[in-house]
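Peer 1: Start from the sequences, fold in the hints, and give me the full structure.
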Amino acid sequence: MGIAVLLKQVPDTTAKISVSGDRVDETAVSKWSMSPYDEYALEAALQLKEAGGGDIVAITCGPIRATKMLTDAAAVGVDNLILIQDEGVTDSTHVQSLLAAAVKRSGSDVVLCGKQAADTNGGSTGPGVSHLIGAACVGMISEVYAEGDGFIALRASPTGNERVEVSRPCLFTFDKGATELRRPNVRGIMMAKKKQIETVTSDDLGVAIGTSSVSLQSHSPPPVKPPGQKFEGADSVPVVVAKLRDEANVI
Amino acid sequence: MDVTIIAETTVDGLHPVTSQLVGAAIAIGGTPTVLCPGGLGTTAAASISGVSKVIGVEGDCFNTFDSGAWATALNPLVSDGVIIAASAPSGREVAAQIAAMRGIPIIQDATGLEAGITVTRGIYSGKAIEISTVTAPCAITLRANAFDAAGGGGSAVVSTVNQSADVAVAVREAIAKASERLDVAEADIIISGGRGMGDPANFSHLNDIADMIGAAVGASRAAVDTWGEIPHGMQVGQTGKTVTPSLYIAVGISGAIQHLAGMRTSKYIVAINKDPDAPIFGVADYGIVATWEAALPALKEELGKL
Ligand SMILES: Cc1cc2nc3c(=O)[nH]c(=O)nc-3n(C[C@H](O)[C@H](O)[C@H](O)COP(=O)(O)OP(=O)(O)OC[C@H]3O[C@@H](n4cnc5c(N)ncnc54)[C@H](O)[C@@H]3O)c2cc1C
Ligand SMILES: Nc1ncnc2c1ncn2[C@@H]1O[C@H](COP(=O)(O)O)[C@@H](O)[C@H]1O
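Top to bottom, those sequences are chains A and B. Heads up: the first sequence runs through residues 1 to 251, numbered per our numbering. Heads up: the second sequence runs through residues 252 to 557, numbered per our numbering.
Just to be clear, a hint being listed does not mean it is correct.
[What the hints assert, rightly or not] Straight-line alpha carbon distances no greater than 16 Å define the calculated EDC-like cross-link-like pairs of lysine to aspartate or glutamate that follow:
1) K492/B <-> D417/B
2) K194/A <-> D79/A
3) K551/B <-> D235/A
4) K518/B <-> E437/B
5) K556/B <-> D459/B
6) K68/A <-> D203/A
7) K556/B <-> E162/A
8) K230/A <-> D526/B
9) K230/A <-> E247/A
10) K518/B <-> D246/A
11) K518/B <-> E247/A
12) K518/B <-> D439/B
13) K193/A <-> D119/A
14) K428/B <-> E162/A
15) K31/A <-> E162/A
16) K68/A <-> D12/A
17) K304/B <-> E365/B
18) K230/A <-> D528/B
19) K16/A <-> E162/A
20) K49/A <-> D149/A
21) K49/A <-> E26/A
22) K551/B <-> D459/B
23) K551/B <-> D462/B
24) K525/B <-> E232/A
25) K176/A <-> E43/A
26) K518/B <-> D528/B
27) K492/B <-> E437/B
28) K16/A <-> E26/A
29) K176/A <-> D476/B
30) K104/A <-> D203/A
31) K492/B <-> D528/B
32) K243/A <-> E553/B
33) K525/B <-> D149/A
[What the hints assert, rightly or not] Pulled from the structure, derived: some chain B residues nowhere near chain A, Cβ distances all over 12 Å:
34) M252
35) G301
36) G310
37) S330
38) S341
39) G402
40) V412
Derived from the structure by calculation, the hints contain no laboratory data. Owing to the predicted nature of the structure, the values given are computational and were not obtained by experimental measurement. Beta carbons are placed, not taken as given, at the ideal position from N, Cα and C, and that holds for glycine.
Peer 2: This is the structure we're talking about:
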């Protein structure tokens with residue numbers, strides 16, 4: 001069995017996002033990290049491998065700086081690393097085609113990714129890739145293990161949670177998982193330094209990137225809220241409740 | 252312009268957010284057809300004003316949530332214009348699959364929509380706003396409570412189509428929710444507790460207040476991670492749920508950037524924290540510098556008088 005994980009490097013959740021002109025200034029981002037839900041996907045991939053074997057390939061579509069994230073993934077046990085060179089591709093549909101082509105080429109029959117990336121906040125990539133590779137999609141899971149030829153995954157349902165069964169080929173998108181991503185040990189870090197990263201282009205993957213019908217107009221900082229009112233002590237509770245009723249009309 | 256709305260359904264009918272999808276579609280000059288997966292909620296959908304037709308799509312595949320199967324069954328009924336769905340877990344996934352099937356772009360979780368089509372949404376967990384334009388055919392999901400709902404009194408024609416698809420996902424075991432409490436993603440008022448609550452048992456005070464005002468109870472990640480009794484489903488923030496209620500009350504929550512990412516777009520925010528310098532006060536409309544031990548009994552008493 002081959003396991004693929006789709007990992008994206010995004011500004012760390014603590015990083016400040018600044019807008020210069022009418023675009024987010026990515027050069028001002030102080031720290032780049034693996035998108036939080038992708039960490040859960042990666043940990044689940046490592047656990048699937050430990051339980052049932054199979055090689056893990058980590059695939060990212062992004063700029064050169066994303067190689068650091070791939071090396072970090074190798075340090076915790078990922079076997080193969082693929083960087084799809086992003087030629088300024090921002091349309092989700094195009095990213096999906098590139099990732100799907102790389103997954104197909106790797107021959108993986110189970111794919112894990114995040115439910116949404118911390119930059120786009122989209123959530124389209126997993127379901128889109130699953131369609132393109134002809135795999136079943138189980139979204140927003142928190143746990144998965146292999147059983148027989150397929151998998152059992154835990155996901156939220158309208159009435160609580162449910163364990164669902166699915167066979168290969170399949171794709172899982174991860175919500176917060178049950179276990180945090182493990183830390184690398186020294187040996188892992190040393191091995192990872194020597195690991196080759198296979199760099200491919202859209203041409204290599206045979207994907208033609210067309211024009212996008214989405215065009216970005218502007219980025220802007222979130223609207224600043226007018227400063228709120230602050231009160232000292234629990235004696236102020238009646239005042240606040242009255243304001244919630246009469247000023248804000250919310251209760 | 253043809254707009255196909257994929258209705259958001261609940262276990263027994265139509266989710267009220269569907270009226271907001273219709274309202275947004277009409278505001279951009281659309282003529283909406285509403286598809287009801289599983290044939291649920293067709294009567295309610297037909298009574299939303301401005302809906303031109305309602306199609307109940309019935310098939311065995313709708314008994315289990317499998318976004319691939321749902322999308323395959325719904326896709327033949329979708330027109331070439333704009334597809335609109337709710338930015339809820341199922342709506343997002345189904346819309347993304349349909350978009351991939353049709354090779355059209357999808358924009359998720361829009362908070363603004365204008366004719367043209369101009370779409371506004373948050374990126375980087377709300378740390379920036381993105382405005383883009385897109386032409387039909389395309390798919391767009393809309394955030395709940397960000398759009399005005401269309402009114403009632405409509406009388407659209409309802410038809411039923413039998414359309415199923417192969418299901419790849421089977422439910423092995425259903426695990427019921429521990430409590431019947433309202434979900435934070437659904438609620439118009441949320442009261443959340445953080446590590447400052449000191450002990451998970453103290454969340455009973457939040458539950459009491461929630462019951463008085465029909466609120467859901469939420470939590471910070473520190474509360475969820477520290478106490479097993481507080482399930483992840485209650486977590487608000489970057490790695491929890493993004494919520495936009497009318498009123499968000501944060502109790503004993505410091506206001507870390509990852510928490511703010513999930514709740515800063517709430518219409519009104521009340522913060523109760525004993526530390527006057529807690530960052531939560533930076534986003535609060537009404538801040539109360541007090542311990543919860545002092546403030547919550549007073550809050551209970553005041554709300555009781557309403
Ligand atoms: C990748 C990543 C993702 C994250 N995602 C999330 C997320 O989704 N949601 C989230 O919430 N956090 C998230 N976090 C964690 C976040 O950084 C904070 O650690 C967390 O929000 C802190 O929770 P808290 O405010 O409850 O706890 P604390 O920071 O410990 O704050 C407790 C507060 O309670 C106050 N207090 C103490 N006693 C009392 C009292 N008796 N009465 C009143 N006030 C009192 C204190 O003054 C303090 O402000 C994430 C972090 C990372 C790195
Ligand atoms: N450029 C990318 N490279 C690798 N994985 C990606 C990329 N974009 C998205 N993904 C994966 O798809 C998930 C959802 O992304 P999105 O649809 O952008 O919210 C992410 O959490 C990643 O697992």
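Peer 1: Hints first: check each against the structure and report whether it holds.
Peer 2: Results of checking the hints against the structure:
1. K492/B <-> D417/B: Given pair K492/B, D417/B is violated - Cα atoms ~31 Å apart, limit 16 Å.
2. K194/A <-> D79/A: With a Cα-Cα distance of about 12 Å, the restraint between K194/A and D79/A holds, given a limit of 16 Å.
3. K551/B <-> D235/A: Holds, at about 13 Å.
4. K518/B <-> E437/B: 15 Å, holds
5. K556/B <-> D459/B: Measuring from Cα to Cα gives roughly 15 Å; hence the hint holds.
6. K68/A <-> D203/A: 24 Å, violated
7. K556/B <-> E162/A: This hinted pair is violated, its Cα atoms lying about 41 Å apart.
8. K230/A <-> D526/B: Holds, at about 12 Å.
9. K230/A <-> E247/A: Judged against 16 Å, a Cα distance of about 15 Å means the pair holds.
10. K518/B <-> D246/A: Distance ~15 Å between K518/B and D246/A Cα, so the pair holds.
11. K518/B <-> E247/A: Cα-Cα ~13 Å, so holds.
12. K518/B <-> D439/B: At roughly 10 Å apart (the allowed maximum being 16 Å), D439/B and K518/B satisfy the hint.
13. K193/A <-> D119/A: At roughly 27 Å apart (the allowed maximum being 16 Å), D119/A and K193/A break the hint.
14. K428/B <-> E162/A: 10 Å, holds
15. K31/A <-> E162/A: The given pair, whose Cα atoms are some 37 Å apart, is violated under the 16 Å limit.
16. K68/A <-> D12/A: 14 Å, holds
17. K304/B <-> E365/B: Given pair K304/B, E365/B is violated - Cα atoms ~23 Å apart, limit 16 Å.
18. K230/A <-> D528/B: 11 Å, holds
19. K16/A <-> E162/A: 37 Å, violated
20. K49/A <-> D149/A: Status holds; Cα separation ~14 Å.
21. K49/A <-> E26/A: 35 Å, violated
22. K551/B <-> D459/B: Holds. K551/B to D459/B sits at ~8 Å (cutoff 16 Å).
23. K551/B <-> D462/B: 11 Å, holds
24. K525/B <-> E232/A: Holds, at about 9 Å.
25. K176/A <-> E43/A: Distance ~11 Å between K176/A and E43/A Cα, so the pair holds.
26. K518/B <-> D528/B: 22 Å, violated
27. K492/B <-> E437/B: 11 Å, holds
28. K16/A <-> E26/A: 10 Å, holds
29. K176/A <-> D476/B: With a Cα-Cα distance of about 12 Å, the restraint between K176/A and D476/B holds, given a limit of 16 Å.
30. K104/A <-> D203/A: Satisfied, since the Cα-Cα distance of roughly 15 Å is no more than 16 Å.
31. K492/B <-> D528/B: 25 Å, violated
32. K243/A <-> E553/B: Given pair K243/A, E553/B holds - Cα atoms ~12 Å apart, limit 16 Å.
33. K525/B <-> D149/A: Violated. K525/B to D149/A sits at ~54 Å, over the 16 Å cutoff.
34. M252: Given that every Cβ of chain A is farther than 12 Å from that of M252/B, nearest at about 15 Å, it holds.
35. G301: G301/B clear of chain A: closest Cβ-Cβ about 26 Å, beyond 12 Å.
36. G310: 17 Å, holds
37. S330: 17 Å, holds
38. S341: 8 Å, violated
39. G402: Correct as stated: the minimum Cβ-Cβ distance to chain A is 20 Å, above 12 Å.
40. V412: V412/B clear of chain A: closest Cβ-Cβ about 22 Å, beyond 12 Å.
The structure is inconsistent with the numbered hints 1, 6, 7, 13, 15, 17, 19, 21, 26, 31, 33 and 38, although it conforms to all the rest.
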